[in-house]
Amino acid sequence: MTAIRRLWAKPAVRWGLAGALVVFAAALPLLDLVVPGVLPGPTYTPGTLQILALSLIFAALALSYHVLFGVSGMLSFGHALYFAVGAYGLGIVLERTGLDLLPAVGLTLAGAILVAGVLGAISLRVSGISFAMVTLAFAQAGSVLIRRNPGVTGGEEGLGLATANVPDWLVGVADTRNLYWLALGVIVVVFLVVRWFERSRAGHVAAAVRENELRVRVLGLPPLRVKLLAFVIGSTLAAVAGMLFLLLQSGVTPRAVSADFTLTILVIVVLGGVGSRWGAVVGGIIYTILDQRLTALAGSEWVDALPAVLRIPLSEPLFILGTLFILVVLFLPGGIVGLAGRVGRRRATTGDARDRLEETT
Amino acid sequence: MSTVVLLLITGLGLGALYFLVASGLSLIYGLMGVLNFAHGSFLTLAAFLGWETARALGADSWGALAAALLVGAAAGALVAAGTELLLIRRLYERHIEQVLVTVGLALASVALFDGIWGTDPQFIRGPAWLAETTEILGARIPNNRFLLIAIAILVLLLIVLFLRFTRYGLIIRAGVENRSMVTALGIDVRRAFTVVFAIGGAAAGIGGVLASHYFGYVSPQLGGSLLIFAFIVTVIGGLGSLPGAAVASVVVAVLQQFANFYLGGTGDLVVVLLLAVVLLVRPRGLFGRAA
Amino acid sequence: MSAPVLAVRGLAAAIGHQPVVEHVDLEVPAGSVTAILGRNGAGKTSTMKAVLGLITRTGGEVELAGERIDGFATHRIVQRGVGYVPEDREVFATLTVAENLRLAERDASPRRELVAELFPDIIARSAQRAGTLSGGQQQMVSLARALLNENRILLIDEPTKGLAPKLVTEVADALARAAEVVPILLVEQNLQVAKRLAQSVVVIAGGRTVHAGPAAEFFADETRVERLLGVHGEASA
Chain E
10 MTAIRRLWAK
20 PAVRWGLAGA
30 LVVFAAALPL
40 LDLVVPGVLP
50 GPTYTPGTLQ
60 ILALSLIFAA
70 LALSYHVLFG
80 VSGMLSFGHA
90 LYFAVGAYGL
100 GIVLERTGLD
110 LLPAVGLTLA
120 GAILVAGVLG
130 AISLRVSGIS
140 FAMVTLAFAQ
150 AGSVLIRRNP
160 GVTGGEEGLG
170 LATANVPDWL
180 VGVADTRNLY
190 WLALGVIVVV
200 FLVVRWFERS
210 RAGHVAAAVR
220 ENELRVRVLG
230 LPPLRVKLLA
240 FVIGSTLAAV
250 AGMLFLLLQS
260 GVTPRAVSAD
270 FTLTILVIVV
280 LGGVGSRWGA
290 VVGGIIYTIL
300 DQRLTALAGS
310 EWVDALPAVL
320 RIPLSEPLFI
330 LGTLFILVVL
340 FLPGGIVGLA
350 GRVGRRRATT
360 GDARDRLEET
370 T
Chain P
64 MSTVVLLLIT
74 GLGLGALYFL
84 VASGLSLIYG
94 LMGVLNFAHG
104 SFLTLAAFLG
114 WETARALGAD
124 SWGALAAALL
134 VGAAAGALVA
144 AGTELLLIRR
154 LYERHIEQVL
164 VTVGLALASV
174 ALFDGIWGTD
184 PQFIRGPAWL
194 AETTEILGAR
204 IPNNRFLLIA
214 IAILVLLLIV
224 LFLRFTRYGL
234 IIRAGVENRS
244 MVTALGIDVR
254 RAFTVVFAIG
264 GAAAGIGGVL
274 ASHYFGYVSP
284 QLGGSLLIFA
294 FIVTVIGGLG
304 SLPGAAVASV
314 VVAVLQQFAN
324 FYLGGTGDLV
334 VVLLLAVVLL
344 VRPRGLFGRA
354 A
Chain S
68 MSAPVLAVRG
78 LAAAIGHQPV
88 VEHVDLEVPA
98 GSVTAILGRN
108 GAGKTSTMKA
118 VLGLITRTGG
128 EVELAGERID
138 GFATHRIVQR
148 GVGYVPEDRE
158 VFATLTVAEN
168 LRLAERDASP
178 RRELVAELFP
188 DIIARSAQRA
198 GTLSGGQQQM
208 VSLARALLNE
218 NRILLIDEPT
228 KGLAPKLVTE
238 VADALARAAE
248 VVPILLVEQN
258 LQVAKRLAQS
268 VVVIAGGRTV
278 HAGPAAEFFA
288 DETRVERLLG
298 VHGEASA
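Which chain is which? The protein sequence lines are E, P and S, in order. If you're matching positions, the first sequence starts at 10 in the working numbering and goes up one per residue. If you're matching positions, the second sequence starts at 64 in the working numbering and goes up one per residue. If you're matching positions, the third sequence starts at 68 in the working numbering and goes up one per residue.
Honestly, I wouldn't trust all of these hints.
Sample of chain S residues facing chain P (criterion: CB under 7 Å; computed from the structure) [said to hold, decoys possible]:
| id | residue |
| --- | --- |
| 1 | 121 |
| 2 | 146 |
| 3 | 159 |
| 4 | 170 |
| 5 | 171 |
Every beta carbon over 10 Å from chain P, so not counted as near; a handful from chain E, in silico [unchecked claim]:
| id | residue |
| --- | --- |
| 6 | 101 |
| 7 | 109 |
| 8 | 111 |
| 9 | 164 |
| 10 | 175 |
| 11 | 208 |
To be clear, the hints were calculated from the coordinates, so they are not data collected in a lab. Source: prediction; values computed, not measured. By construction, the Cβ of each residue, glycine as well, lies at the ideal position given by its N, Cα and C atoms.
With the hints as constraints, model all of the structure from the sequences given.
Here is the structure:
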């Protein structure tokens with residue numbers, strides 16, 4: 010075990026492994042891998058690639074939330090808003106302007122940065138639970154705006170992707186693998202951006218703010234500006250994930266801006282392991298696949314035949330995921346990644362992970 | 064004039080609902096530092112059980128309504144106390160994790176309600192009088208508003224009396240101010256935690272049964288939609304302040320009604336705007352103490 | 068010499084990850100006042116809080132009348148007969164004086180007469196909110212809360228801090244009277260008060276006990292007082 014840990018400590022080994030993982034992921038659409046019970050079909054089929062791409066989008070979204078919650082200790086209950094800004098923003102720009110995809114993406118990004126900057130600056134006037142409430146309220150306002158303006162957003166029906174200016178290689182079921190590769194590229198970029206931020210001076214200050222805001226203030230660093238920076242970066246990355254979501258799903262519904270969706274992001278991050286980049290990635294992938302499998306389970310004949318006491322809970326994926334989440338919070342504070350790490354590292358992790366979670370108050 | 068009266072009284076009725084949810088949230092937060100996301104689920108469960116009770120007893124009698132309210136209050140109190148004992152207590156003093164557990168509970172329980180009662184709203188009936196209207200200054204006010212307002216005032220009064228004249232009330236008031244000093248006087252403050260959860264759960268339970276009459280239906284989403292506004296009310300009123308929750312409930316609900324009517328259905332947005340303004344001008348809320 | 072009421076051995080404690088008490092040894096003999104002295108930030112208040120379980124103990128033993136109490140929750144420790152008068156009083160500002168006292172009553176027959184005798188001022192203000200009292204009066208309420216019950220020991224943290232000279236004497240008088248009925252562990256920056264009340268002293272520096280012994284002997288050696296506390300025995304910090 011120690012030998013493995015020593016190897017893992019070498020940057021070259023880690024980069025090599027991560028690179029190999031990306032290459033393997035990139036090769037999936039060309040392979041005929043079957044993972045019964047986990048994936049619905051062979052990895053080259055559009056249905057499976059769709060789920061894999063979706064899981065990468067959720068992983069990217071979880072990474073963006075990690076910048077807020079895990080790195081900077083900001084418990085936001087409105088992160089879905091920025092995902093929706095990306096998805097709806099791009100959708101509306103594509104539908105209403107003659108812009109090509111790339112300029113449309115640029116415009117949407119600029120809009121996301123603006124919205125995140127303004128709302129972040131207001132929200133960050135308070136901290137802790139009040140901050141959580143304000144972000145929740147802003148997301149709620151976003152949700153109301155989207156639902157009440159069907160002329161622009163499609164209202165409850167949702168907004169479809171206007172494909173006129175989207176390159177052909179990204180449209181259509183047969184091109185799912187292109188979207189998958191795009192998602193893979195995006196998550197690699199998001200991961201590197203998050204990693205860069207965490208290791209930057211601002212990232213260190215943000216982490217210090219999480220642990221002890223008072224001390225940072227005494228040191229004369231501007232915690233507020235660093236928190237705002239983290240907020241804007243996290244929110245913008247969420248918007249990137251949202252744009253990708255629009256392309257992959259060929260549309261977006263108001264569910265993307267609901268409080269439930271924000272809570273889902275929180276569940277993903279905690280499930281994977283708070284404070285860990287890989288935790289966010291693993292959480293996003295496992296959550297998406299689990300959600301998909303549980304939905305399939307709910308519709309299966311096997312569940313249908315059970316007595317009501319078992320059938321009702323088992324036919325509600327969110328019930329199972331919510332229960333799983335509670336169990337993880339109660340008994341597995343480091344999440345999935347923490348559990349994996351603990352196998353090698355003895356018990357110390359539990360305390361660390363708990364503290365890590367608690368420092369975010 | 065009649066429109067103003069109608070909006071005002073309807074707003075007060077909605078404010079009564081907000082208060083029934085927010086009072087518990089605020090007490091729980093004030094004493095324990097826990098933001099209870101499962102509070103909406105307590106409300107929803109009570110609404111469903113109250114509806115089942117009333118249905119079993121013949122929904123249009125006053126006795127059935129009273130029974131529904133009692134069942135709702137009891138269910139809310141029991142489930143809330145159980146939540147505190149089984150889930151929250153294990154994470155003593157770990158506030159973020161306590162919030163996360165209530166988030167998980169909220170997600171899981173709403174899904175469970177979906178499974179049991181279906182996702183579609185169940186339309187309900189009550190005593191005939193509740194569905195009728197009474198004319199005040201030319202405005203025809205649905206009678207259920209009066210019931211809501213009366214019961215919310217009664218609940219407020221009961222909570223105030225409890226806080227003022229019982230030993231647990233004393234412990235809760237002291238604990239909201241300085242919990243560690245309460246333990247340093249030799250008092251096991253955790254028992255008070257269970258008590259505030261039970262009180263908050265009972266109030267939310269009553270709120271659930273009344274909400275089903277206010278909206279005319281029960282659905283698994285009932286609690287969640289009220290919860291967000293109750294959160295806003297709690298922050299505007301000042302976290303941990305019962306009078307703050309009462310005043311902010313009325314202000315928020317009345318404002319919402321007026322904005323919905325006069326400003327083209329923008330009630331929800333105006334409320335969020337109010338929250339932003341309050342936090343900019345007075346971050347600790349209307350009645351909150353300085354941190 | 069009889070067994071100590073309170074014995075602390077090798078106590079260590081932390082706030083978060085920050086160690087604030089490294090290794091404190093002290094004993095409070097029955098029927099006496101022991102003063103904890105030390106410069107600001109030496110770990111005096113933290114020692115008291117660690118004894119009470121208000122901050123996390125990371126090592127050492129605490130014995131109350133021969134019984135190990137480290138590891139107990141705060142309210143259990145207090146129920147075993149420990150009265151606490153915190154630094155800054157910590158009265159409940161929104162509660163009345165009477166409510167503050169009622170909250171503190173643990174015993175079936177609390178010593179209301181003693182409190183009324185010592186603090187007639189605050190009894191006269193029973194219905195007033197404690198937050199509206201002066202600093203001195205709040206200190207009396209805080210002391211009264213601890214004196215109401217039959218405690219084995221009182222932990223009193225800087226009772227004269229921020230008080231006017233006349234009030235300092237008044238509080239010291241009350242403490243002297245309290246010391247007749249219960250042993251006291253006292254943190255006191257005002258050396259005059261410490262000198263008057265304490266039979267023994269413990270000096271803490273950097274979270275460690277650096278001196279322990281009879282008070283008279285300690286205060287007699289002015290160079291040592293100067294070296295350990297950075298003040299002259301005559302001055303008050």
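So, going through the hints one by one against the coordinates:
1. The restraint placing residue 121(S) at the interface with chain P holds, with a minimum CB-CB distance near 6 Å, inside the 7 Å limit.
2. Proximity of residue 146(S) to chain P holds as hinted, the smallest CB-CB distance being about 5 Å (cut-off 7 Å).
3. About 5 Å separates the beta-carbon of residue 159(S) from the nearest beta-carbon of chain P, less than 7 Å, and the hint is met.
4. Of the supplied interface hints, the one on residue 170(S) holds, with its beta-carbon coming within about 6 Å of a beta-carbon of chain P, less than 7 Å.
5. Proximity of residue 171(S) to chain P holds as hinted, the smallest CB-CB distance being about 5 Å (cut-off 7 Å).
6. Look at residue 101(E): its CB is around 19 Å from the nearest CB on chain P, clear of 10 Å, so calling it non-interface holds up.
7. No beta-carbon of chain P comes within 10 Å of the beta-carbon of residue 109(E); the shortest separation is about 33 Å.
8. The beta carbon of residue 111(E) is kept farther than 10 Å from every beta carbon of chain P, the shortest such distance being approximately 33 Å.
9. The claim that residue 164(E) is not at the interface with chain P holds, since no C-beta of that chain comes within 10 Å of its own (minimum 13 Å).
10. A cut-off of 10 Å between C-beta atoms confirms that residue 175(E) is not in contact with chain P; the least separation is 32 Å.
11. Look at residue 208(E): its CB is around 25 Å from the nearest CB on chain P, clear of 10 Å, so calling it non-interface holds up.
Consistency with the previously given hints is maintained throughout, with no hint failing.
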